[in-house]
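These protein sequences, in sequence, are chains A and B. Counting from 1, one number per residue, gives the positions in the first sequence under my numbering. Counting from 1, one number per residue, gives the positions in the second sequence under my numbering.
In short, the hints are calculated from the structure, not lab data. Warning: the hint list may mix true and false statements.
So, partial list: chain B residues that the calculated Cβ filter (under 7 Å) puts toward chain A [as the list claims (entries may be wrong)]:
no. : residue
1   : G23
2   : N67
3   : R86
Even for Gly, the Cβ is constructed at its ideal location relative to N, Cα and C.
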Amino acid sequence: MFRFFRRGRLDAERAREMQAHLDHYIDDLIAGGYTRERAVREARRRFGNPSAIREEIYEMNSLPVLEVLWRDLRYGFRMLRKTPGFTAIALITLAVGSGVNTAVFTVVNGLLLKSLPYPEAHRLATVNTLIKSPTRGQNDNTAVDGNIFLAIHDNATTVDSAIAAGSFGGAVNLVAGGVAASVRQQRVSAGYLSILGVPPLIGRDFQADEDRGGGPPAAILSYELWRRTFASDPNIMGRTITLRGEPYTVVGVMPRGFSTGANADLWTPARPSRTGEGGGTNYHMVVRIRPGFTWQQADAEVAQLGSPAALAMFSDPGDRTAWSRLVPLQQDATAEIRQPLLMLWGAVGLVLLTACVNLAGLLLARSATRAREIATRMALGSGRAAVVRQLLVETGVLALAGGALGIGVGWAVLEALKTLSTNVYSVGYPVELDSRVLAVTLLIALVTAVVFGLVPALQASRVNVQGALAEGGTRGVSTATARWPRRLLVVGEIAMTVVLLVSAGLLVRTFVHLRSLNPGFDPSNVITATISLQDKRYEDPARIVRLFEDSLAEIRRQPGVEAAGVTLGLPYTRLLNMGFGRVEGRTEENKAAGTNVSYVTPGYFEALRLPIVKGRGITDADQSAAQPIAVVNERFAEKFYPGANVVGLHINVAQRRGDGPRLIVGVVGNARATSSGLGGDDSPLPEPFVVYVPATQTSAGFFNLVHTWFSPAWVVRTSAPLSGASESIRQSLARVDPLLPIAKMESMATVQGDALSQQRFMMTLVVGLGALALLLAAIGIHGLIASTVSERTRELGIRLALGATGTRVMREVLLSGMALATVGLVIGSIAALIAVRLLQSFLWGVTTTDPITFAGVVITLLLVAFLASVIPAWRVLRLDPALTLRAE
Amino acid sequence: MTLLQGTLDMLVLQTLRLGPAHGYTIARVIEQRSDAFLQVEQGSLYPALNRLEDRGWVDSYWATSENNRRARYYRLTPKGRRQLERESEQWTQLVRAIGLVMRPIED
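Isolated chain A (complex conformation) (with noise of 0.2 Å):
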């Protein structure tokens, strides 16, 4: 073995060696009388052939197969270097195919295959409920209210668990050192962070006493807050905040990098309890399962303990069942992006497919213009298994630099889809690249080039050694039947294509009806801004009232503002659900009702412009003490009055103590808002039913509740330029309250916009997939083409001389190609058909049968097809006859 790697050294001193060998014959034979002439000749005649031992023992001390691979690799790297054409068009093509792949596998990786960033993650869940009812349908809950949490928490011996509570809406205000800024909390009970198995760097987890109603408030901030707001300072333990206007005693700081699948920035305690919060279903379970525990005993103990606690939410469970179980925490984790993602990983899949295809095709294509070469080869006597090794080590290289290529493009991507995927998906685990991707890249590389170089390699080596030395190669009328596996491979590539790009079409068609959805009222010229108002200074609902009102006047009295309101949800955000109860009209099947509901100051219609239909808006004389009322929306009154002419009419909701029922004054026009689950269809943009209520008319207990979940939003119509006027809204906000710190700042437009992230999202990825494949297709057509006319070159030669138009020779080849595009998108609409039915859930005021989209697609396939086909077919007319003829 370690002779291969000397053996050049060695070769020399072997020769010196017979040199010496044949000195001493030399000297005996003169010694016996020869002349010194003949004396060499006989030596060198009974020694034998010098180079040949040489050579002999050369082999001896090589390794076979490494000799021969390194041969075949320098010969490679010299046949890629020779046609640059055909190298760069087949790296690009492997770069992109295994780069896509490469981003799009490597968020699958982080997310769905590789477990979640903690000790023995396998041991943890969180806790979903099953309500079934034969009458009323079937509900998982991925929430639990406190009863059900407790009855696990207090009762359970399999597993240990611990809740997050408020999993939206979750900015809060944090001052420190005098500075105010909102930061995201996420309100976790005591042993959570435990549960999740990550100690903290400095200090410890919540304690049981933090964790109770009245016990010491205490804060656990992640490392980038730490380092952010109080660059690292070591002593942060014990230091007193402000959050949420309260003193907060620093108990813990988390390590660099943590992460409980919700984007915060700092824990607070969660308080379970049984009532108020704890009262519906607004917690989120993480559990984990005891040492000595299995998965089944654990979840046949939360079914025991859970179920009856979560029947027990119904004061009349009547027909109903529970059933409380463990759904494994990356499950839960990653449950929303799941689907998209598969798709996403789906649609990458084609295009990967696609490139192979073409490279395939690249390859084939090479092949047949190396018959030649091969025939030489084969007639020097080279073996079929060498040849077929040669190609397949060619095909190696390319597949290596290609995949190498691949990683770049693959890292590339995966930054832009980060930039483009931020606030689209809330998934809080960190998405990088490591050796299990890369590998995976490298594979399917390879894989693609041993699969897909294969069957030319074969194909080439079959070459009839004879006819291709006679034919010359480029000669004669080349045989049909060569081409057909390129035919193939190149419809094959369409049809991928027109699956891809008819999702890409419907998406796009989708997510226009979205954009183009009357909003109700008019979005331009409008600002927001959130503020988080779960903060103790802001408990008492005067307070409340007094900051709407006093940072109401100061706005406007900005110039160029035309009208200013606060709501509770905006729209094209999520609305808050309550539950109702109608004066008016009321029977057992309608006692009990939900509705979205949101508090209004007067001016909030006016900013948004949303017309008042019937009755009047709310005004400055709905005072606490006045006659407590309601605005409905006309989808309310539909839904609930049909006919009916509900001005005057009273409901029951968010009622005070005391309250008489409220009465509806007027009704107002719909806003689009996104899905609360409730009083819409199931689109993403729905226009749900609301209950509008003075801000003045509500309770402390409503406000306190509600203000952990949502955030109420400043809203201003101006003529003035959108910046100059946030800024100047910024201000007047500061000079009612400087430690009141803006969660969030946007023009409505804006708001409105980010209701369709994820619908853009996938658009754009699949829209970008599309046009990928649509380019890898066109590059495919187009090398078949040219390399149909540089094969026919003679023949076309011959029929031109023969005196047939160069534009109907012309016409011949770009009927060749259009034919197969045609048969392309035959087969790729029908898959189409077939394949966007997994689409559906995406897909929003267009059907899966649309035709605008499939008619689009098939006319961009027939002019891309007919473009990569005209420019090599334009060869044609350039031809001259006498030229081609001689040539060879």
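Start from chain A and add chain B according to the hints.
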């Protein structure tokens, strides 16, 4: 006269039992000891020497020969000596067995 496969190795090892020698000497010794019956193609010695050295049965060094030339000397290693013993024993048995088969047949 062609040699039986593998016998050249044995002959080389046997030659080296007389002491270290360079390639030419080894060739001469084989010729002489076989009464000039075994005329090896001298070059074919070298692949054999390469193989023997690779297996650790001989090792080599450069020295000045009796003709005052630089030559590469080979010498038997202990491992090579054991190998030679095995091979010559097998050879004796083989020759005896062939001799038995080939003895004149008596009617």
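Verification of the hints:
With a cut of 7 Å, the hint placing G23(B) at the interface with chain A holds, because the nearest CB-to-CB distance is about 5 Å. Taking 7 Å as the C-beta cut-off, the interface hint given for N67(B) holds, the closest approach to chain A being about 5 Å. The interface hint given for R86(B) is violated, since its Cβ lies 23 Å from the closest Cβ of chain A, which is over the 7 Å cut-off.
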